[in-house]
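With chain A held as given, fit chain B onto it using these hints.
As given, the protein sequences belong to chains A and B, one line each in that order. Start counting the first sequence at 1; every next residue gets the next number (our numbering). Start counting the second sequence at 1; every next residue gets the next number (our numbering).
Just so you know, the hints here were simulated from the structure itself, not pulled from any lab data. We treat Cβ as the ideally placed atom computed from N, Cα and C, and that holds for glycine. Take these hints with a grain of salt, some might be off.
Claimed, not checked - Just a few of them, taken from the derived set where beta-carbon distance is under 10 Å, the chain B residues facing chain A:
| id | residue |
| --- | --- |
| 1 | Arg-99 |
| 2 | Ala-152 |
| 3 | Met-158 |
| 4 | Ala-182 |
| 5 | Gln-213 |
| 6 | Met-221 |
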Amino acid sequence: MPIKLPSFRQRRDTYPPDLWTQCPSCQEMLFNKQLEKVLRVCSNCGHHFRLSAAARLELLLDADTFEEHDPGLQSLDPLGFVDLKAYPDRVATAQATTGMRDAAVWGFGAIGGRPVAICVMDFSFMGGSMGSVVGEKVARSAEAALVRRIPLVIVSASGGARMQEGTLSLMQLVKTVAATERLHLAGVPLISVMSDPTTGGVFASFAALGDVNVAEPNALIGFAGARVSAGTIQGELPEGFQRSEFLFNHGFVDRVIHRSDLRDELAKLVALMAPMPAADAPNETGSIPAFRPLSFLSALADRVSPPESDEVVRG
Amino acid sequence: MVDRLIGRGGRKGAEAPVLPSEIADPTAAVWARVQLARNLHRPRTLELLALIADDFVELHGDRFFGDDPAIVAGLARIDGRRVVVVGQQKGAETDENIRRNFGMPHPEGYRKAMRVMELGERLGLPIVTFVDVPGAHPGAESEERGIAESIAKSIALMTRLRTPIVTVITGEGGSGGALAIAVGDVVLALENAVYSVISPEGCASILWRTPDQAPAAALAMRMTAADQLELGVVDEVIPEPREGAHTDHPATAASVKAAVTRHLTMLERRPLDELIEARYRRYRGLGAFTTLDVEPVAVPERPGFTDRLRNLLGGSARATNGSGPASGRAQDEPPAREEV
Numbered sequence: 001m002p003i004k005l006p007s008f009r010q011r012r013d014t015y016p017p018d019l020w021t022q023c024p025s026c027q028e029m030l031f032n033k034q035l036e037k038v039l040r041v042c043s044n045c046g047h048h049f050r051l052s053a054a055a056r057l058e059l060l061l062d063a064d065t066f067e068e069h070d071p072g073l074q075s076l077d078p079l080g081f082v083d084l085k086a087y088p089d090r091v092a093t094a095q096a097t098t099g100m101r102d103a104a105v106w107g108f109g110a111i112g113g114r115p116v117a118i119c120v121m122d123f124s125f126m127g128g129s130m131g132s133v134v135g136e137k138v139a140r141s142a143e144a145a146l147v148r149r150i151p152l153v154i155v156s157a158s159g160g161a162r163m164q165e166g167t168l169s170l171m172q173l174v175k176t177v178a179a180t181e182r183l184h185l186a187g188v189p190l191i192s193v194m195s196d197p198t199t200g201g202v203f204a205s206f207a208a209l210g211d212v213n214v215a216e217p218n219a220l221i222g223f224a225g226a227r228v229s230a231g232t233i234q235g236e237l238p239e240g241f242q243r244s245e246f247l248f249n250h251g252f253v254d255r256v257i258h259r260s261d262l263r264d265e266l267a268k269l270v271a272l273m274a275p276m277p278a279a280d281a282p283n284e285t286g287s288i289p290a291f292r293p294l295s296f297l298s299a300l301a302d303r304v305s306p307p308e309s310d311e312v313v314r315g
Numbered sequence: 001m002v003d004r005l006i007g008r009g010g011r012k013g014a015e016a017p018v019l020p021s022e023i024a025d026p027t028a029a030v031w032a033r034v035q036l037a038r039n040l041h042r043p044r045t046l047e048l049l050a051l052i053a054d055d056f057v058e059l060h061g062d063r064f065f066g067d068d069p070a071i072v073a074g075l076a077r078i079d080g081r082r083v084v085v086v087g088q089q090k091g092a093e094t095d096e097n098i099r100r101n102f103g104m105p106h107p108e109g110y111r112k113a114m115r116v117m118e119l120g121e122r123l124g125l126p127i128v129t130f131v132d133v134p135g136a137h138p139g140a141e142s143e144e145r146g147i148a149e150s151i152a153k154s155i156a157l158m159t160r161l162r163t164p165i166v167t168v169i170t171g172e173g174g175s176g177g178a179l180a181i182a183v184g185d186v187v188l189a190l191e192n193a194v195y196s197v198i199s200p201e202g203c204a205s206i207l208w209r210t211p212d213q214a215p216a217a218a219l220a221m222r223m224t225a226a227d228q229l230e231l232g233v234v235d236e237v238i239p240e241p242r243e244g245a246h247t248d249h250p251a252t253a254a255s256v257k258a259a260v261t262r263h264l265t266m267l268e269r270r271p272l273d274e275l276i277e278a279r280y281r282r283y284r285g286l287g288a289f290t291t292l293d294v295e296p297v298a299v300p301e302r303p304g305f306t307d308r309l310r311n312l313l314g315g316s317a318r319a320t321n322g323s324g325p326a327s328g329r330a331q332d333e334p335p336a337r338e339e340v
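Just chain A, with the same shape it has in the complex:
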């Protein structure tokens, strides 16, 4: 009778990583093909895995409606930044591993048959960090949404501003917010979708400023990195700190939406929030219409003309 020998194969060989993924939340081994069929949500515990920009667009938009704009934007190296590696090398590596040129994609598409401008970030490209290219794409998507008067959907997945571009990255906060602020003033809706993670400078700019803010379950959303908070602040951080539900409980997120419902909910929102046609329709050249503030502001400004206020000062 043959003796059955114990297997000497290591356990990890049982689950080759190209076929299996371990859920970081419940440790369940998930078969990749099956995982993708269920929109990369753990069937055991509901953990939402990160999505690539391409998969996100496929998930949210009506089939074959995406029309990408400005795919050729390529970041430069304004600072000549070198840490343990030169910045251009980091970008090249990220491009080779992701097949993307930078951490965001924008274009036009349709959700539930209604046109939208959409900008989607991808965490796998340098942590989804926002440098000049990401900032430019967000700003262009907002300006295009303003011209066409269609809702703008921004899906964030980012650790924050890209350190390698220094303060020029920081300035992208102003650039993007200036553009989305014009949408607000013109009555064109911005829907901010926060996925895991949405932190730092991205959360502290357009992502926090949606007319409607929605988040995927248990996504990390916060301003300061948890390590920074824990290092600076004595005492324990509250349970569920900086997670979607924490933000929901504190009133900064309208809805926490499971990925399988996201498309339908967005379709409803886009339909309900469709902007009114503008009195001053966008001109045909597609240029950005001149800035028109809320009427009460301009009326106010007309009343308070600079020379008069000078008089007051001298008097």
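Just chain B now, kept in the frame of chain A:
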């Protein structure tokens, strides 16, 4: 971090007045400037106002939650001109520093700033801001009350306020916490001020994996006022007294006053619509990128965009260009990704 908060680093800089311009090693020179920018005795908003303003009435409270002593806001008269002033305030002594939370604002600080800046717009008064902050307060209560939202809102407000805005970076321009009150038609910086997207310690911890490399990070980020001028983030550098602003408050204040009033006079001549559009264009133009031909990044032996989409979503259609499912997987979802 503790060293920095209680100002040990700053004192060291004060006791050994070696001028950054006289240091040959570029890393050491930049680090000397960072220490000067953080010097405990550098003039802050209130010290500057005491020397610049003929009148100043401080306003308190954000009308929602409370008053944040880390941000000072109010109405002032400078050189006969009525202005609204907003600025961060660190303390020069430990007690005051604790009261002012080491100059790190909470959301209510930024909401107070917004309230007072909006008042300035309504009254037709120009806005002057003084920026000197290590960063917004990174704690649980800050997050609970929406520090990111308050910063984002303040930035948004400043991009559209219909009144001239002059911003002066007087010390540490620490990331979003600084930017929230630093969106201006004109951005000035004192000679030894620094401005960065993240603290050099934070940058070093992430990219060098040790905060000890902070001086190297400070150099790499090009955070000095002169560098920021070159990058176009700052429009003009205001010279400081030879050994730094902390050695001569009146001289520093006089330079700041002269620069601010000069720019306000120029800005006030411009029609408001033009001013707002120019402000938009100023920030819209900041960034460094190029536009390449629309070809996808060269990634040989990989399936195309549509095929990868199909693979990823588990569609039945397979990539037709011969790449197997395994290779499609490996590139779309590197297993290590979830651990990043």
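Against the structure, the hints:
Contact between Arg-99/B and chain A, as hinted, is not supported at the beta carbon level, the nearest pair being about 17 Å apart and thus beyond 10 Å. Restraint check, Ala-152/B versus chain A: the minimum CB separation of about 4 Å is within 10 Å; hint holds. For the restraint placing Met-158/B at the interface with chain A, the shortest Cβ-Cβ distance is roughly 8 Å, inside the 10 Å limit, so the hint holds. Taken as an interface hint, Ala-182/B checks out: its beta carbon lies about 9 Å from the nearest beta carbon of chain A, inside 10 Å.
At about 8 Å, the closest approach between the beta carbon of Gln-213/B and any beta carbon in chain A falls short of 10 Å, and the interface hint on this residue holds. Interface hint status for Met-221/B: upheld, as the beta-carbon distance to the closest one in chain A is roughly 5 Å, under 10 Å.
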